[in-house]
Structure formats: C-alpha cells, structure tokens
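Q: Here's the letter readout for the chains.
2 protein chains.
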Amino acid sequence: MNAAPDKPAPHPRPRVVILGGGFAGLRAAQALRSAAADITLIDRNNHHLFQPLLYQVATASLSPADIAAPIRQILKKQRNARVLLAEAASIDTARRVVRLSDGGEEPFDHLIIGVGARNWYFGRDQWAAHAPGLKDAADALAVREKFLLSFEAAEREPDAGRRRAILTFVVIGGGPTGVELAGAMAEIARRAIPREFRRIDTTTARIILLEGGPRLLDAFPEHLSARARRDLEAMGVEVWTDSRVTSIDDHAVTIGEERIVTRNVFWAAGVRASPLAESLGVPLDRAGRVMVGNDLSIPGHPNVFVVGDLACVNDAKSGAPVPGVAPAAMQMGTFVGRLLAREIAARTRGEPVLSRPAFVYRDKGNLATIGRARAVGVIAGRGFAGFPAWALWLAIHIVYLIGFRNRVLVLLQWAWAYFRYERGARLITQPSAERVAKLRGGV
Amino acid sequence: MNAAPDKPAPHPRPRVVILGGGFAGLRAAQALRSAAADITLIDRNNHHLFQPLLYQVATASLSPADIAAPIRQILKKQRNARVLLAEAASIDTARRVVRLSDGGEEPFDHLIIGVGARNWYFGRDQWAAHAPGLKDAADALAVREKFLLSFEAAEREPDAGRRRAILTFVVIGGGPTGVELAGAMAEIARRAIPREFRRIDTTTARIILLEGGPRLLDAFPEHLSARARRDLEAMGVEVWTDSRVTSIDDHAVTIGEERIVTRNVFWAAGVRASPLAESLGVPLDRAGRVMVGNDLSIPGHPNVFVVGDLACVNDAKSGAPVPGVAPAAMQMGTFVGRLLAREIAARTRGEPVLSRPAFVYRDKGNLATIGRARAVGVIAGRGFAGFPAWALWLAIHIVYLIGFRNRVLVLLQWAWAYFRYERGARLITQPSAERVAKLRGGV
Chain A
165 MNAAPDKPAP HPRPRVVILG GGFAGLRAAQ ALRSAAADIT LIDRNNHHLF
215 QPLLYQVATA SLSPADIAAP IRQILKKQRN ARVLLAEAAS IDTARRVVRL
265 SDGGEEPFDH LIIGVGARNW YFGRDQWAAH APGLKDAADA LAVREKFLLS
315 FEAAEREPDA GRRRAILTFV VIGGGPTGVE LAGAMAEIAR RAIPREFRRI
365 DTTTARIILL EGGPRLLDAF PEHLSARARR DLEAMGVEVW TDSRVTSIDD
415 HAVTIGEERI VTRNVFWAAG VRASPLAESL GVPLDRAGRV MVGNDLSIPG
465 HPNVFVVGDL ACVNDAKSGA PVPGVAPAAM QMGTFVGRLL AREIAARTRG
515 EPVLSRPAFV YRDKGNLATI GRARAVGVIA GRGFAGFPAW ALWLAIHIVY
565 LIGFRNRVLV LLQWAWAYFR YERGARLITQ PSAERVAKLR GGV
Chain B
165 MNAAPDKPAP HPRPRVVILG GGFAGLRAAQ ALRSAAADIT LIDRNNHHLF
215 QPLLYQVATA SLSPADIAAP IRQILKKQRN ARVLLAEAAS IDTARRVVRL
265 SDGGEEPFDH LIIGVGARNW YFGRDQWAAH APGLKDAADA LAVREKFLLS
315 FEAAEREPDA GRRRAILTFV VIGGGPTGVE LAGAMAEIAR RAIPREFRRI
365 DTTTARIILL EGGPRLLDAF PEHLSARARR DLEAMGVEVW TDSRVTSIDD
415 HAVTIGEERI VTRNVFWAAG VRASPLAESL GVPLDRAGRV MVGNDLSIPG
465 HPNVFVVGDL ACVNDAKSGA PVPGVAPAAM QMGTFVGRLL AREIAARTRG
515 EPVLSRPAFV YRDKGNLATI GRARAVGVIA GRGFAGFPAW ALWLAIHIVY
565 LIGFRNRVLV LLQWAWAYFR YERGARLITQ PSAERVAKLR GGV
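Line by line, the protein sequences give chains A and B.
Once you know that position 145 of the first sequence is 309 in our numbering, the rest is easy, because the numbers rise by one and skip nothing.
Once you know that position 140 of the second sequence is 304 in our numbering, the rest is easy, because the numbers rise by one and skip nothing.
Just chain A, with the same shape it has in the complex (with noise of 0.2 Å):
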C-alpha cells in the first residue's frame, strides 16, 4: 500500500544448494532459515544423524531412530528449504549443475558441498567386505549385528580353536571411535552378558585394539594418551600399539610377522574425504580434501564452498589445522551459512557485498569416552579424565541430544542404563541363523 514506488525490481531468488544434511550442511540451512534465497538440501540419507554417538549403535546401547531425526523434519519449518534425498555424483562448477547419481540435475547460484568422509582402507578396498567401517546407521547396525553373532555362533561351537577365532574381536584404528568401540565391546563381553551363556565363557572373549603409531588418541596430550591405555587394558582390552596392519582375510589379520586368528575385524583406523571432491578439478589434500580458502571457498570459485570433513582449513587465528570433529562441522557451516545470507540480502537491497570475513575456528575442547564411567579430555587447554570427564561427556550429549530429539525422559534412561552397563538394543533383526552357520564354518 505505501510501497516507495521507486524501489528496485526484486532480485531473482538465487538457487542455494547444499549436498550432505550432516551437522555442516544442515547448520548452513538453518543459518540461511530468513534469506530470500531457494535453497535445495540433498542428501542420500532421510535423516541427520547424530555421528558422535553412532557407535553406541554399533554396541547395541541405542537404536538408530534415538541418534536420528529425518531432515525434513528438521527443516519442516522453515519455508525456503526444500529436501530431495538423492546422491550428488558430480559437480560442474562451470555449468553451475550438481549431476545426481540418477541422472538427475539440480542448478545452482551457490553450491555448499558438506559430504564428509568415509571409510578408507588405505587402498585396500578387498579389507571392507573384511572389517566393516562406522560412518552411517546402516554401517552401526552391520557392526551391531556381527559382534553379536559371534557370541551366538560362539554359544554353538565345538571346537576350541574356531571358538577361541571367533571369540576374538580385532578393532582396528586407536582413534576416538576405535577407543569407544573397544571399550563397549569389552564391556559387553565382561559385565553386560556373562550369564546369559551356558558353554561359552564370554570374559575369556580377546578385545585387541591396534593403533599403527606410536600411541592411542593423537589428538590429546601424552599422559592422557597413557591413561586411556590404562583403562582400556583394565577393562580387559589388549592395545596394540606401532602395529600397522598389513593383511586382513576371513581368517586373519597380520601385522607383519604376527597374525591373529579372528573372525571379527571392526575398521575405525581412516576415513577419507567423499570422491565428489574430486569433480571439482581443484587442489586435495592427502586425504583427499579440498584445500579452501580462509573463506571456505574453493579456487576460482566464490560461490562454491566446502564444509565440515571435506575441507582443508587452517583457523585463521591460531594458523593450526581445522580438526575432522563436530563442532568444527557445525562452525563452518553456519560461517557459510550467515556469510552467505548477508551478501544475498545485499544484493536483494542493491547493496555492495563486503568482503568475506575468515573462518574462525572456536576450539571448545575434546572428550573421548572409553567406557561407563572412564574418558579423557582437554577444555581451555587443561586435561582430565576418569569420572569427571565422562561426566562431562555424557552431560554435553544429553544436552546435544536433548536439543535434537526433545525426548528428554528416554535420554534420561538411556544414560541411567548406560551407568548401568545395561544394553538396550541387543537385537538381530536380518536373517541369522545361517549367518550364525557361516561364522562357524571355515575358521
């Protein structure tokens, strides 16, 4: 009604697309939640999942739907936020299309790529039919379902020696998720199921955690490196440490001279960055991420960003590396998210688009968990463990959960039973009794 009639045509909307609805990409969404702007997220999964806890899937703690939550209802509310599941299969960046694995083509203005990493086996592609990997839900229940078989097939064994390879779970990777994943396993073999076994003894189960370097948990201090060791091996773990693996088969896994007889090899030891990166045709690290600038963008291509795993960043403060965990995803992310809203908005009032600001990166400190009541730590550059840390790592969950899936009693109970060493999720839901004949068979 009292519009100045000399107010500028409105802007075409432009076409914001975002590929991966992790925490990166789906930060971005939100911070773009009041731009004039159609933004398309894609991802080849329903569901935003809450990584951090995945392997308390894996170890049969949680059911997927208590770490996940579809992402259109996530976005449900906000209205210039579309969701299309589907696979980006390449990027041309000069065309401005994203190609889907389908065919399909989705165009872009601007392009956030926040696809993270998978699994890597170091070329060895033949090892993951071998030792299945955890960076989706569909991984943790594969995890879930062959740890717990072993112990059924175990239960039917007659021979001591295919029962002592079965009965041997070999975790791969001294990172935060091997140390997780041991230490849940040991957990279950040692309180949680004992008695429910007749002519197996489940505590004489080996748990042996290989790590290539020279000690577990990189990341974190020295000491608190040797006490994550300490725990572990009086939870009954066997940490091997400077033992890189050189084979895995059905039967075995060889660290040069030395061979375990096992059935049950689990990969948390590397993952790698999407092979999407690679359509780019720009620079990639070693890992196969892309080198960004400080703005996150990749070379030559302003209105193409890369978030969260997938990016290569130092912290323009600190010059250090920009660390593969969440809450960096989730920085970056809403970085590109705002940048973008203020420049798109800008241009709807006609305005000059500032130069882009670096991306920051606000280290809130780091936990590994390694059992009930057991983790390590590092906030504002002081380190602790035992109880006090894992405290504090089941309080920041909950609260991270809470806001999530706004389920607050079932969090509750999940961390009461957890305290507990109760195990909510013990379940095998596909077809098991021939499996359970396979792990038995040619040991």
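Think of the hints as simulated: they come from the structure by calculation, not from any bench.
Every clue listed holds true.
For identical chains, the list gives no copy identity; a pair is met inside one copy or between any two copies.
Below are the DSS-like pairs computed for lysine-lysine, each with C-alpha atoms no more than 30 Å apart in a straight line:
id, residue 1, residue 2
1, K310, K240
2, K602, K310
3, K299, K240
4, K602, K299
5, K310, K241
6, K299, K528
On the provided structure of chain A, position chain B as indicated by the hints.
A: Using the frame of chain A, we list chain B on its own:
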C-alpha cells in the same frame, strides 16, 4: 549327610527342546523353571518380539528394540535353560531329534513346537516380492523403508501419473493387522508429514484397504466391523470389501476387472503355519496347522506338543476353535510347560503320572486399534468402540511392554507421542538413493 540310604537313584534329567521363542515357547520355558530338566530353546532370531505392536515399527512409531528383548536376557536367571540361535529344519519323532538347517541335530525327550505362522500368499509365492508381509522385525523394517521411500520418490517425480502410482498404498487384508497398518499409514500421510514436503501434497496419498470377505475384522461383531470401516473412512482410507486380489506385480494390483496402479503393496491377508509341521507326519488343517489332542500333544506322540499359532485345537470347554492370538499362545505355552513340569516331577519321585488335563482357553476379550483414539473391542461379550476402546488398548499394551522391557518412562513417552501423531522412528537406514530411482522408474 543324612540322605536316606534307600532313596532311588536319580532319574537322568530329561531333555526338553522348545522350538520358537515367541509367546508360546517362552511361556513354556518359563513354566518349566523349577523342573529337573535340561531345557533348550531354539529360535532363528536372537530376540523375542512383542508381535502385536510390530505394525508400529512398520509405521515408524517404535524402533525394533522397543518391542523386542534378547531371549537369552529373558532366560538369563533360569539356569536349567539354554538358548540356541538356529533354525529347525525337520523333526524326527521316531529318533527323537530335531534336525537343524546347518546340519546339526538336537536330541529331545520332550518336544514343544511353537514356531508360529508365516506370511502366506495363497500359493502365489511370486507375490511376496511385491507385497511384503509383517511377521518379524526384518519384515517391519522392510515395510517401514518402503513406505517412507515412496514419499521421497514422489517428491522427486515430475510425472503426475507416476507420482500418483507412487503415492497409492494398497494394504491387502482386512484383519487387525491390515486395519492397523492402513490406519497408521493414513495418519502419517495426513497428519504427521504434510508440512515437510514442498512439491507433493501428502494428504492426497491414496490408502486402500482390500478385504476379500464382506467385512473388516470378521472376528468381531458386525456392528464393530461397520464402526471400524466408518472410522477408517473418516481417516481417509478407502475400504474395499468383497475384493479378492487376482494378481500383484510391480505396477498394479488387480481385483478381477479392476486394476489399481500402485508401487506400494503390503500384505496382511494370510498366514500359514510353518512348514516344519509337515515333517511331523501327522494330519494338518487347511492352514497347515497341526491337529493336536486336547492336551496339545500330537497323535501317537505324547511327548511332542504343539503350541501357539501352529496348533489347531478346540477349546475343551466351549468346543470353539482357539484363535491364533497372543493370549491363546501364552496360555498354551504355560499349559504345556506346567503339564510337563508335573510329569517330570512325578517321574523323578517315582510317583505315577496322572492323566493329562485338557486345554481350556480363557478368552479375555479382543481389541483392535484403528488409529489415534479409535479402536474396537469386545470384552466379556460386550462390544465397545472409540476412545474408551483405544484407551484400554493402549493401557493393556503399555502394561505388557513394561513387564517385558522395564522401561516405564520410554513407554509413557511413546504413548504420549502416539497420542499426538508424532513418529519417533522415521528412518530409512539402508542405502536409499538408488531405491528412490528404482521406485520412480518403470511405472
């Protein structure tokens, strides 16, 4: 020390093998808890499933772990019972052994068979690929993923005809499971998710419930069948009675001359007793169930019992057939377990074994839920419907699940969410981008 010198030598402990860890088998094992016997419970899954709520897993309200518990955990404290994860392939009543599908054998003195029923496509086994049924956790997850993927595929489908086919959901079978599935699917499409999609209007999804007979829920009085139909229609479900399916393929369901173009067919029409029954060499009824005596043993083999859905028996008191419902399965299991416990105790003491009682079914009533605040029920011969029936249904199921899961708060939260149309487990965990493409293609 003060053992009587003339005490008879201890009778060797009889071996009781129980096939199936469902309601019947588990109750039988539990009724034998004090028996001087070695009990082996064999199931091809590691968990007992609260089957009456399986449709809630299929429709994304609950996770499988919410309605399942490891059989081992349930029997943990019962020291005379062991659990084997294995599949029974056949039974040799003469040699008294159960042959397992992996080639093993399990000898028995007494056998209790409670392996239930399977989906049955009236001999058209090729329909199974197009119309998943709902008998176990893997089934429920398959239905959940298929249902959720359809909305994702429709959102991506530009062609209106294909979109309509993708958004047409056909549930075959108007018994309790079909009514529950159709009702829950309508609620999701019309209440839970409409605001999450930008291109499609999920409230236009067609949900069609096909029943071959003249009315839904034929175990209920006619006025309640009519009420269920009205309730479903008010919720947006098309109810087609007297509609016998003549063909199902990837593109359509055919009912005589009529053809419904659809990509989504779900099977709730028929079950048939497990084929294991055939190996007994005794008469079966038309549904493949074993015609047992009124002590639930099979003709000529008083040491072999059939319990639960696999048994065809008339109530010793009313003469009416015992229905294939959870309470009947539990009662049969307890009946046989107690009967055997008494006989084993008598033999151990060298006392005469008394003649066996006949199984009497205590009908506690029948409830079928239709949707939020809608259900029908018959209790003590009195029919009722609407909110009172639904509240009773919810209360009974919460009480049962609490006894079973011992997680009170989780269940109250579930009930509350269910009341408010929320769906807590809307997850597609298996790789899905390809499946979306497949759903869209070739309609």
